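Assemble the whole structure, with the sequences as input and the hints as a guide.
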Amino acid sequence: MTGAPTIWAGVLYAVIGLGLVVYALTGGADLGAGLLSLFSRGPRKEEQEHAVRRAIAPIWEANHVWLIFVIVVLFSGFPRAFAALGVALHLPIAFALLGIVFRGAAYVFHAYGIQTAEARAGWSRVFGWASAVTPLALGAVVAGVSSGDVRVSDAGVTSGFLAGWTTPFALAVGLFALALFALLAAVYLAAETDGALSDDFRRFALALEVLAGALALFTFLLAARYAPELSRNLRASGWTWPIQGATAVAAVATLAALAKRATKLARVTAALQVTLVIVGWGLALRGHFILPDVSLANAASHPEVLPALVVAVAAGSLLLLPALAYLFWIFKREGGAK
Amino acid sequence: MSSLLAARLQMAVSLGFHILFAVAGMAMPLLMVLAEWRYVRTRRAEYRALAERWAKGTAILFAVGAVSGTVLSFELGLLWPRFMLHAGPLIGMPFSLEGFAFFLEAIALGVYLYGRERVPARVHFASGAVVALSGVASGVFVVAVNAWMNTPRGFRLLPNGDFADIDLTRAFFTPAFPTQAAHMVCAAYASIAFAVLGIHAFRLLRRPHSSLHAAAVRIVLPLAIVTAPIQALTGDAAGKQLAVYQPVKLAAAEALFETSRPAPLLVGGLPDMKARHVRFGIEIPSGLSLMAFGDPHAEVRGLEAFPREDWPHVPIVHLAFQAMVGCGTVLILVAAWGAWLLLRKKSLAEHKRFLVACVLAGPLGLVALEAGWTVTEVGRQPWIIQGVLHTRDAVTPMPHLVVSFVASCVVYAFLGVVVALLLARYVLRDEEPPETQP
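Listed in order, the protein sequences are those of chains A and B. Take the first sequence: its position 311, counted from the start at 1, is 311 in our numbering, and no numbers get skipped. Take the second sequence: its position 213, counted from the start at 1, is 213 in our numbering, and no numbers get skipped.
In short, the hints are calculated from the structure, not lab data. Please read these numbers as outputs of a predicted model, since none were measured by experiment. Be aware that a few hints might be false.
Unchecked claim - If we take Cβ atoms under 7 Å as the criterion, some of the chain B residues that face chain A in the derived model are: (1) S73; (2) G110; (3) L168.
Note that beta-carbon positions come from the ideal geometry of N, C-alpha and C, so glycine has one too.
Put into structure tokens, the structure is as follows:
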């Protein structure tokens with residue numbers, strides 16, 4: 001299964017990257033909204049929480065299928081990468097799952113339970129905290145695959161179960177993911193609500209954008225020590241600086257748009273910013289799933305499987321994307337959330 | 001506890017939990033759409049109320065199923081990395097298709113649950129139908145994966161354990177696929193139909209004049225009457241398929257130690273593994289020969305025809321098989337009674353004894369479902385891929401798996417209790433007060 005990566009493997013690698021971007025922009029924002037609900041305060045506390053729930057109610061399940069999509073494409077197209085991830089990063093993945101289970105369960109129990117206000121408030125808190133666990137754990141997974149500490153030989157993972165994700169860098173990546181997801185949620189909510197409520201979310205978003213910027217810098221600095229190869233790739237190539245420059249421009253544009261109350265514009269620039277962060281990271285992996293041992297060249301599945309998978313994904317998307325667009329059009333168009 | 005046992009138990013708990021929500025996700029949308037359809041036809045308020053109630057139930061069960069399903073997709077890698085390493089490419093296609101079907105179901109459910117006031121009535125109804133269809137499709141795709149594990153096809157096994165010459169079409173349409181898929185879809189409809197019938201029969205006993213519960217029985221009972229006997233036929237087909245492709249599993253299910261011609265069908269009984277003999281069982285002469293091959297004189301291979309290390313845990317498989325068949329038989333009897341009453345145009349709402357029978361039969365479909373999956377999965381042991389990869393060789397090297405097993409038991413038990421309490425409140429609540437919208 002080793003050899004030169006085929007064009008099909010490259011396409012699937014890009015599909016996985018695209019899946020991660022869409023998951024961040026939808027499911028990530030959805031997790032961020034849960035986190036925001038923990039910080040709702042002031043005279044409009046209840047309205048803020050209500051806006052969060054109303055915004056995610058019709059779409060949260062669809063948003064989280066993107067993660068399953070990524071996983072399925074990964075294990076079908078690159079089984080060796082999936083097997084290694086399941087062993088080396090067993091623990092953070094298990095924590096992410098715990099977060100997903102409690103978040104989803106708490107959400108429905110809150111939404112559909114016929115219960116006392118106290119019980120509902122309890123589920124609401126579980127929902128908020130569980131929303132924080134998953135981005136932190138997923139951040140640790142991202143840090144783990146980027147660290148260069150997870151080593152994989154033909155016999156399997158050789159670096160144990162704690163390598164790569166138990167570092168300050170992993171925590172920083174997790175916090176950065178948390179800040180970006182919460183930023184997306186705040187910007188989306190500011191654009192979807194009006195008046196004083198929108199202003200609340202706009203202020204959240206401004207604070208989160210500043211925090212995200214600080215965490216980005218912090219993470220970048222830590223990477224030099226805890227993810228040296230990734231850090232070199234981020235610093236040393238011709239394409240990285242334009243992308244990082246564009247990320248910074250998108251961040252500044254988001255700040256400016258928020259300051260000028262152009263929340264619809266901020267929605268676009270914030271989404272662009274998060275997309276560029278993920279694309280920049282993905283390019284710095286240089287075709288790897290786990291630095292430095294598991295790559296497109298040695299993890300790709302049988303050559304007869306990859307094209308079929310690409311065709312299946314394309315055909316499925318033809319069916320799915322119009323349906324998804326319709327769902328968002330119904331619930332997120334102008335005045336749709338009223 | 002060994003890592004292998006902990007991993008197997010964790011998988012068993014995860015699957016055993018998920019399957020209940022998965023079948024609800026397959027069958028509840030059909031009930032919801034049937035109620036909606038009756039409402040469209042008759043404009044009677046109780047059907048609309050019923051459609052909305054079943055939709056709420058679907059929403060809760062679907063959401064829990066979605067998270068437990070997400071957990072399973074990861075658990076395949078967390079617990080069985082070597083299985084995924086080899087099988088990933090082959091079962092990736094049905095899993096991908098399942099992913100799309102599930103995605104479509106989630107989208108359509110969003111439209112159906114929250115879009116009643118926002119989309120045209122026809123679109124709303126159609127979205128419900130899409131939920132029902134894509135739910136069944138995703139169930140069928142997942143069964144394709146399991147059927148491949150039972151009758152693996154579409155590859156050539158190399159001496160080092162790797163696979164070559166992958167053929168995705170053959171890997172999808174395996175010998176076990178048609179019978180297993182039919183048996184599973186029918187199981188989903190039958191078990192949910194009887195569970196829902198049991199719930200509404202229980203409420204009718206308390207409130208005999210409730211139009212809502214009577215309407216529910218009118219919709220669910222026909223589904224139960226149709227699916228219960230069909231399930232026996234699909235089960236028979238699955239048994240004949242086992243006889244050819246997984247004879248050890250069939251021998252374990254029937255606790256048939258010696259190869260026999262003709263072979264009797266064993267009802268009940270406790271297998272004594274030391275004596276290689278079954279105690280307290282009732283034998284129906286030639287029954288197994290007939291069931292397995294449709295010929296009363298056919299030879300059926302017993303466990304002793306196979307190496308001892310290839311036997312599954314016989315008592316578990318046998319008892320699970322007996323439980324499944326026993327529950328199925330009771331359900332067929334209840335279905336026949338219901339059909340008889342319907343034909344004679346009896347008022348079911350006032351027929352106390354039949355309602356009590358429905359209440360008692362309510363959980364049996366789900367018991368049969370769990371027992372049936374126990375037969376399928378435990379019966380395939382010691383293989384994770386029949387004849388190709390041993391379960392013990394597929395397990396993760398991760399130490400202390402018992403911790404994650406215990407944690408998953410606690411989490412699932414907690415979720416199970418909460419879901420049960422929530423549903424119980426819905427069931428016990430009287431229909432008059434208006435609902436509080438989230």
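### Restraint check, 7 Å cut-off on beta carbons, for S73(B) near chain A
holds, 5 Å
With a cut-off of 7 Å, does the beta carbon of L168(B) approach a beta carbon of chain A closely enough for the hint to hold?
holds, 5 Å
Practice problem: Please verify that hint: G110(B), Cβ, nearest Cβ of chain A, below 7 Å or not. | Solution: Hint on G110(B): holds, closest Cβ of chain A at ~4 Å, below 7 Å.
Every hint from the earlier list agrees with this structure, and none is contradicted.
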